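With the hints as extra help, turn the sequences into a complete structure.
Protein sequences appear in the order of chains A and E.
By my numbering, the letter at position 292 of the first sequence is numbered 292, and the numbering carries on one by one without gaps.
By my numbering, the letter at position 55 of the second sequence is numbered 55, and the numbering carries on one by one without gaps.
I should point out that these hints are in silico values taken from the structure, not numbers from a laboratory.
Predicted model, so just to flag it, every value in this text is computed and none were measured.
Be aware that a few hints might be false.
Okay, the calculated beta carbon distance ranges per label pair [said to hold, decoys possible]:
no., chain 1, residue 1, chain 2, residue 2, range
1, A, Tyr590, E, Phe356, 17 to 27 Å
2, A, Arg461, E, Ser463, 45 to 55 Å
3, E, Ile570, A, Trp433, 36 to 46 Å
4, E, Ile212, A, Arg141, 48 to 58 Å
5, A, Ala455, E, Pro138, 36 to 46 Å
6, A, Ile570, E, Leu441, 21 to 31 Å
7, A, His12, E, His371, 44 to 54 Å
8, A, Arg594, E, Leu436, 34 to 44 Å
9, E, Thr17, A, Tyr590, 21 to 31 Å
10, A, Pro440, E, Leu444, 55 to 65 Å
11, E, Ile104, A, Tyr590, 31 to 41 Å
Even for Gly, the Cβ is constructed at its ideal location relative to N, Cα and C.
Protein chains: 2
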Amino acid sequence: MISSIKRFFIGHPLKSTELGEQKLNKKKALAILSSDALSSVAYGPEQILIVLVTIGAAAFWYSIPIAIGVLILLAALILSYQQIIYAYPHGGGAYVVSKNNLGINPGLIAGGSLLVDYILTVAVSVSAGTDALTSAFPILRAHTVAIAILFVLFITVLNLRGIRESASILAYPVYLFVVAIFILIGVGLYNIVTGQVPAELHTPIGAPVAGISLFLLLRAFASGSSALTGVEAISNAIPNFKDPAPNNAAKTLMAMGILLALLFSGIVFLAYYYGISPRGDVTVVSQIAEKTFGRNFMYYFIQGTTALILTLAANTGYSAFPLLAVNLANDKFIPRMFTIRGDRLGYSNGIMALGFASIVLIIAFKGQTGHLIPLYAVGVFIPFTLSQTGMMVKWMREKPQGWLSKFIINTTGALISFIVMSIFFLTKFTQVWPVLIFLPLIILTFHRIHKHYLAVADQLRVSPSEPTMPIEGNVIIIPVAGITRVVENSLNYAKSLSAKNIIAVYVSFDREDEKRFDEKWANWNTGIRLVTLLSLHRSLILPLTKFIDTIEHKANESNHQVTVLIPEFIPKKGWHNILHNQSSLLIRAYLLYRRNVVITTVPYHLKK
Amino acid sequence: MISSIKRFFIGHPLKSTELGEQKLNKKKALAILSSDALSSVAYGPEQILIVLVTIGAAAFWYSIPIAIGVLILLAALILSYQQIIYAYPHGGGAYVVSKNNLGINPGLIAGGSLLVDYILTVAVSVSAGTDALTSAFPILRAHTVAIAILFVLFITVLNLRGIRESASILAYPVYLFVVAIFILIGVGLYNIVTGQVPAELHTPIGAPVAGISLFLLLRAFASGSSALTGVEAISNAIPNFKDPAPNNAAKTLMAMGILLALLFSGIVFLAYYYGISPRGDVTVVSQIAEKTFGRNFMYYFIQGTTALILTLAANTGYSAFPLLAVNLANDKFIPRMFTIRGDRLGYSNGIMALGFASIVLIIAFKGQTGHLIPLYAVGVFIPFTLSQTGMMVKWMREKPQGWLSKFIINTTGALISFIVMSIFFLTKFTQVWPVLIFLPLIILTFHRIHKHYLAVADQLRVSPSEPTMPIEGNVIIIPVAGITRVVENSLNYAKSLSAKNIIAVYVSFDREDEKRFDEKWANWNTGIRLVTLLSLHRSLILPLTKFIDTIEHKANESNHQVTVLIPEFIPKKGWHNILHNQSSLLIRAYLLYRRNVVITTVPYHLKK
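Here you go:
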């Protein structure tokens with residue numbers, strides 16, 4: 001039944017050979033991997049204005065030069081990540097670049113922050129989408145957390161069904177959003193050009209502003225740069241592209257960069273020209289849309305697609321997280337299970353882990369994940385800085401033809417990213433300090449896991465120089481609880497093995513019972529020796545373990561192996577299990593983990 | 001570590017031979033087994049007045065004849081249960097009496113209602129105690145449920161430590177309560193005799209009252225009879241008494257009856273004479289205490305001990321429930337685990353089940369268990385009626401010397417109990433109807449469990465006429481995941497058994513890997529045949545099971561036994577387990593429950 005429920009949600013299993021068919025063409029990849037970056041347009045410009053408004057509306061013209069700064073950073077990031085894609089065509093992005101060029105720990109810092117960041121992406125964007133929904137339908141407000149969890153489950157299941165299928169479903173809203181914002185920008189610009197917007201709404205560029213400071217401008221710049229989160233996703237997800245993957249990925253990245261630049265600068269310009277001031281209750285995009293169209297169909301279309309893409313931004317995390325996890329798992333820094341492909345060829349453990357972790361975050365913050373945004377932005381600029389520094393080192397070391405221009409691009413990117421990161425730490429320390437706690441903890445965990453895997457591999461390696469000693473003979477111990485068919489069955493099995501020594505053991509809780517059982521056993525005439533152990537404290541495990549230890553000690557001397565053979569009857573129905581004591585399970589678990597004995601379970605299946 | 005925490009709370013394990021030392025003398029038994037009955041004095045008289053006040057204060061004099069009726073019922077119950085104690089000295093009370101004299105189903109009805117009733121006792125009395133505490137300290141009101149759960153855990157742990165120890169601790173509050181109420185009654189009577197209480201506070205007995213009806217009087221009588229819950233506890237708990245157990249139990253029961261009669265009639269009389277009217281916010285006992293002493297030390301002493309005994313009434317359930325469960329489990333109507341004595345010789349599974357179930361009730365009703373009281377009273381009078389009817393049948397059948405007087409006692413008791421039960425159904429049907437749902441369900445469950453145990457016993461019985469077939473030979477299948485020391489170890493073990501056929505099986509997820517592994521295996525030169533299975537759907541279990549089925553089919557024909565030998569490495573630390581896939585666990589669980597193969601786990605313990 002469980003398996004048919006799984007079929008219903010996830011679909012029938014795909015063959016490994018069908019992997020190629022699951023890959024994405026450029027159009028679908030753009031939709032699925034850029035929803036995070038493109039959705040930033042909905043809040044990035046606003047972040048700049050929120051900082052500038054502290055000085056006054058006169059300072060709004062600074063949003064133009066700041067936006068140019070953001071565009072330069074964007075260009076540097078896009079060009080840099082294009083170079084990363086060609087240099088590391090198997091994906092892995094910031095983690096692989098930093099690890100290969102700067103060393104293990106910078107790599108782990110980049111990988112660790114991105115892992116956490118994708119979890120934050122999902123939690124934050126799903127919460128944002130839920131807020132949009134509950135704003136429209138206030139009756140749902142009491143169920144915010146439940147709705148957000150349902151969204152996460154929906155996206156998780158969609159991704160478990162396979163990336164191609166989720167791309168097909170998710171492409172529409174992303175392109176609708178892009179079209180909607182383009183129409184908004186187009187109509188807005190037309191209105192400006194045709195002189196329908198009065199010029200006195202905005203202060204001219206270059207007008208002097210009292211109280212402006214470099215610190216404030218930098219802060220506005222950093223806030224605006226949060227629109228660039230999600231840019232790195234494509235470089236992590238190269239393996240999801242159709243062949244030639246690096247080529248397609250690089251083109252998709254460029255397309256995303258151009259779209260993002262156009263949308264971002266369009267919105268910033270309209271906001272500036274319309275003289276729009278950020279308000280707590282209505283977003284900047286919503287104000288622009290209202291000024292441009294009034295409250296007609298287009299206004300609601302823009303609002304609707306915005307809410308949708310904010311939710312779907314979560315999906316970028318689902319594409320990038322599992323592939324980053326595969327890279328980390330292949331390098332043995334996180335559990336190996338992240339490298340296993342699920343029924344639909346996605347890395348289902350990564351998908352489920354991401355869904356689970358973001359649900360935990362949503363529950364922990366009761367759906368109010370808004371104040372996690374600065375944390376999330378820092379978590380992006382740390383790997384940005386590291387990966388571009390890594391590329392700098394790479395060019396310096398390898399010095400391929402034309403390396404200088406590449407080096408300059410990466411140096412610019414690294415510098416700006418570093419500045420943005422530093423500004424975040426300087427101006428929003430109260431919100432971003434947790435990074436300084438959890439990042440070291442994550443790195444430590446990575447190292448401990450790594451050490452364990454190496455130790456295990458070392459211990460498991462077969463070496464022809466020191467082969468294991470052959471076993472000379474076997475001693476079989478059978479704990480018995482009565483004279484039943486189950487025991488009879490086990491005795492028969494034990495006799496069929498060439499054991500030197502078969503001993504049945506009975507633990508009795510009082511002397512009378514002990515005597516009685518001894519007699520019954522003798523009458524049964526099995527030919528197998530019985531040892532009875534008296535346990536006045538009514539413990540089964542203690543006397544049994546003690547006895548097994550004694551036998552094992554003796555057996556070891558002559559290179560004999562001790563096997564504990566556990567008779568177990570298997571009830572016909574699951575609920576029957578609670579009606580029988582689970583001693584066999586207990587004995588097995590206890591011995592397996594603590595003693596060097598082979599554990600054999602001889603089942604006796606009941607028929608009714 | 002878990003075991004030392006257990007030691008701290010429960011104490012060191014006792015030997016079975018120390019059982020005698022855990023038994024109770026009469027004084028302790030009275031304290032521990034009568035707290036439920038005696039605590040009823042705190043609310044029983046009030047229940048009568050609550051019904052009478054619907055007519056008016058003039059009707060209060062009826063409380064005297066009604067109390068006499070309750071005392072007659074009490075006398076009948078005490079005498080009847082004394083006879084039960086001598087007739088069934090191994091305990092079991094209503095369940096055993098009804099089962100032996102009326103048949104299985106009446107026995108199960110009595111046993112089932114008592115089981116549920118003890119759970120209700122615990123939930124209701126702990127909630128009452130918590131209410132008393134939060135009334136005194138309103139700041140705790142927000143944590144009612146948590147406090148009630150803590151109380152339950154405290155009493156549970158106390159009982160797990162052993163009945164003697166809990167009796168020693170719980171005896172003080174019970175005797176303090178008895179002393180406190182006796183002082184109250186004594187001083188009250190002294191005041192009346194010395195004429196300090198004006199006689200006009202009450203209407204004289206026999207004064208005509210308008211609107212009184214037989215129905216109302218019966219209802220008041222039934223309500224007052226709820227003071228008799230807990231009377232049966234001693235008859236269930238005879239095995240806890242020091243020898244001669246039946247004698248001591250009968251004497252304790254009589255002492256409890258006399259105490260209960262004195263306290264009950266004293267409170268009813270004072271309430272009548274003082275003309276006390278039931279009020280929502282102040283209990284009748286509290287009003288009497290205030291009128292007698294004013295708000296001085298004695299008043300708070302009485303209030304405090306009352307709150308304490310209301311909580312401790314729960315303990316009666318802890319003494320009686322596990323012993324009743326033992327009786328039901330011995331008759332195979334509930335899981336056999338209830339017959340196992342814990343470390344401290346108490347029936348710890350019963351104690352924990354009771355604690356768990358009452359915590360569930362407290363959480364489900366958010367600590368507001370007050371409206372469960374009628375349910376609880378009905379649950380007592382059903383077994384009262386059944387057990388006394390059972391005794392009637394017994395005397396009729398056996399006709400021992402002087403049986404007629406015994407028969408008359410039981411007949412009186414049965415009749416009054418039946419009337420009280422009927423009145424509950426007639427007058428409080430909206431509150432007691434759940435009994436009609438859950439009691440049949442419980443009985444049904446009892447029967448299903450019983451049927452299962454009989455079927456199992458039947459299937460497990462060794463019959464010399466049809467001995468099991470000896471096993472002719474063994475086929476060993478070893479699923480391998482690589483060429484490691486773990487596998488090497490398992491191969492060695494397999495070779496040491498006299499198997500006809502050893503087959504290693506490797507499941508590969510793609511053709512290349514399959515080929516590669518085949519070659520590696522051949523080079524390893526183990527002398528053991530390898531079968532590789534290609535699983536393009538990346539499932540381990542499916543191809544493996546299919547293969548095992550084929551082998552098993554062939555093996556069965558020649559009476560060979562198939563053993564699946566699972567190589568398993570055991571990490572040094574528990575947390576390491578999540579770093580390795582648990583395929584071996586999965587394979588084992590799947591095969592054990594679904595296939596008739598022996599499962600052998602060959603552990604390889606890692607050293608670091």
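Going through the hints against the structure:
no.: 1; hint: A:Tyr590 / E:Phe356: 17 to 27 Å; in the structure: holds (24 Å)
no.: 2; hint: A:Arg461 / E:Ser463: 45 to 55 Å; in the structure: holds (52 Å)
no.: 3; hint: E:Ile570 / A:Trp433: 36 to 46 Å; in the structure: holds (41 Å)
no.: 4; hint: E:Ile212 / A:Arg141: 48 to 58 Å; in the structure: holds (56 Å)
no.: 5; hint: A:Ala455 / E:Pro138: 36 to 46 Å; in the structure: violated (58 Å)
no.: 6; hint: A:Ile570 / E:Leu441: 21 to 31 Å; in the structure: holds (27 Å)
no.: 7; hint: A:His12 / E:His371: 44 to 54 Å; in the structure: holds (52 Å)
no.: 8; hint: A:Arg594 / E:Leu436: 34 to 44 Å; in the structure: violated (52 Å)
no.: 9; hint: E:Thr17 / A:Tyr590: 21 to 31 Å; in the structure: holds (26 Å)
no.: 10; hint: A:Pro440 / E:Leu444: 55 to 65 Å; in the structure: holds (59 Å)
no.: 11; hint: E:Ile104 / A:Tyr590: 31 to 41 Å; in the structure: holds (39 Å)
Of the numbered hints listed earlier, those contradicted by the structure are 5 and 8.
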